[in-house]
Amino acid sequence: MIQAKDIVKSFTDGTVVTHVLKGITFAADQGEFVAIMGRSGAGKSTFLYQISLLDEPTSGEIVIDGKETSRMSEREKMRFRLSEFGYVFQDYALLPELTALENTALPLYMQNIPRAIANEKAREALNRVGLGERLSNLPSQLSGGEQQRVSISRAIAHAPAILFADEPTANLDKESSGVVMNIFKELHEGGQTIIMVTHEEEYARYAERLVKIDDGRIIADAKA
Amino acid sequence: MVSPVDIRVGFFLAVRQLRRASFWTTGLIVFVMLLTFLNLVVVTGMLVGIVQGISDQYRTQDTGDVIVSALDEKDFIENSPQVIAFIKSLPGVAGVTARYVANGTLEANYLSRDVNAKPNKTGVVISGIDAVAENSFSDLSKYVHEGAYLSPGDYDEVLLGPQLIDRYSFGQFPGLTPLRNVYPGTKVRLVINGNTREVIVKGILSVPANSPLAMRAFMPSEEVRMLMGRTDYAVNEIAILLTRGTDPSAFRDVLKRSGIGANAKIRTFDDAMPNGIADVKNTFALIGDAISSVGLVVAAITIFIVIFINAVTRRKFIGILKGIGISGAAIESAYVFQSLFYAAIGAGVGLLFLYGFLVPYVGAHPIVLPISNAIIVAPWNGTLIRIVLLVAATIVAGYLPSRMIVRKNTLNSILGRN
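So the sequence lines, in the order shown, correspond to chains A and B.
Quick note: the first sequence uses my numbering, first residue 161, plus one each step.
Quick note: the second sequence uses my numbering, first residue 50, plus one each step.
In case anyone wonders, no lab produced these hints; they're calculated from the structure.
All clues stand as given, with none of them false.
Below, simulated DSS-like cross-link-like pairs (lysine-lysine); rule was C-alpha separation at most 25 Å, straight line:
#	chain 1	residue 1	chain 2	residue 2
1	B	167	B	236
2	A	334	A	345
3	A	237	B	457
4	A	182	A	383
5	B	365	A	237
6	A	165	A	227
A few chain A positions that, by computed beta-carbon distances, are all more than 12 Å from chain B:
#	residue
7	175
8	185
9	187
10	220
11	227
12	228
13	293
The structure presented is a predicted model; accordingly, all values stated were derived computationally and were not measured.
Glycine included, each C-beta is placed from N, C-alpha and C at the ideal position.
All chains should be built: construct the whole structure from the sequences, respecting the hints.
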């Protein structure tokens, strides 16, 4: 479903070149729940940004459903992110002026889905994450755990092919983290492909496959 | 390329941002746009209004809507009584006044003057008027500042314009040396066509320097006629006021077709208006436009800064929007819609203030300036053009900064990296 071939990512600061990813090859099948682990600075988030098309690798190729993404224009990538991917960020990344329902429905509006249908889908997604009663609340009126659940509902409302999550529990307390991970587990059981970056082993165990990265290379790839 | 979806989503985002924006910040921006709009319309409108005030004075105090005057080769209008009677019989006539007009001199303090001293004397245009008809035509009595207006039956009495009196005179004009020590009740010596008469100043007018009344003297028509040595009732000019809705050009053509044109010059107010006034009006309009264009640039820069700061502080959210697949065009549209909102509300409030209060109020209470009673000239078509300019400047000023931020790398925006 998704393949990364020999991905290299380097950053240049003046004359100093830092190689963050040093040739990663990776593949994930439909319906897999993959946890990418590693210590801080290992390159796991950078890798996630490459395969989720939020960034461009310095070299290498990412192939999604047989399509080579290096040949895609920025507009095609944007459409791909909109329709095929869902994102859950560490700091929730909700728009403060939109309600929970509006935050969730926004990508659906962008897909030209009629407003009423989009709102209905958003309502269903919020119900799935247990926030069916908080539709009209602004992010500032929700707890951190609730905001992350809104973020998940936004990511899944349009039924994406792949759900990417970058440290989704990093800013949450233990209880909220457990709730969020149980939602991921349920989504996975429903057939959702999930690729999640985390540094917490406790939550990595929710995945069925564990990929460990260190110093820009995959050092372990096994069933959890 | 902007698609309808981009516009719909952009509009949705703009409305939400505006709805949850700080009331005071939004109010301040709208206030700046309001001032810009007023600057665009009112500055030019007032400058043009100064000249319009002058030309309005000519219309209401001198020519009326149509003026019939002697041919260039004649001193009077032939068959004046018949012409006046015919004009009065026509539909659309609101008022008519006939005047004898003569050049002459006025001299004051001639009894007490030292033989070798310079005479206290000035050249003057004397209008012989029917006090009642003239007053109902031009409201002349309203302008009497000292003394009193002429009454029917007055004899040897004169009204003087302020430019003839040195304490009211606004600068010197060729051939005009304002009279000193002249007050209501002062005797002055009037000479017309070599005929001399001692008359008493009954009143002194108060009008701006550019008023057609400013340099004139007014006397009962019978006396002026006799001083001119005119034995019939042939007047020099007939000024006509028309009812609202009557077209002066059409009325002029009716008079011409009636045969009056063979014995007199028939002109509308626009025909008779001195060329200089039209030139000054156009010049003032250009100056007003130049000043307004500076205001337009300032408004554009204000919107640019507001949107730029807004976009920079929301760079992370712009990155997130792009990250989840919202197009750059939709995000840019959101900022353009916000700019348009500021411009539309500012212009809307400005329109209400301008046409609901400012124009009618200043129209009813003109701003008294030394050269004219200024009004605000703000025709709808000119105002609409200025609104279009303001909106166009606002769209550009809203689009550019949002484009600058949207173009930045998506991930760098999300992570706050430079």
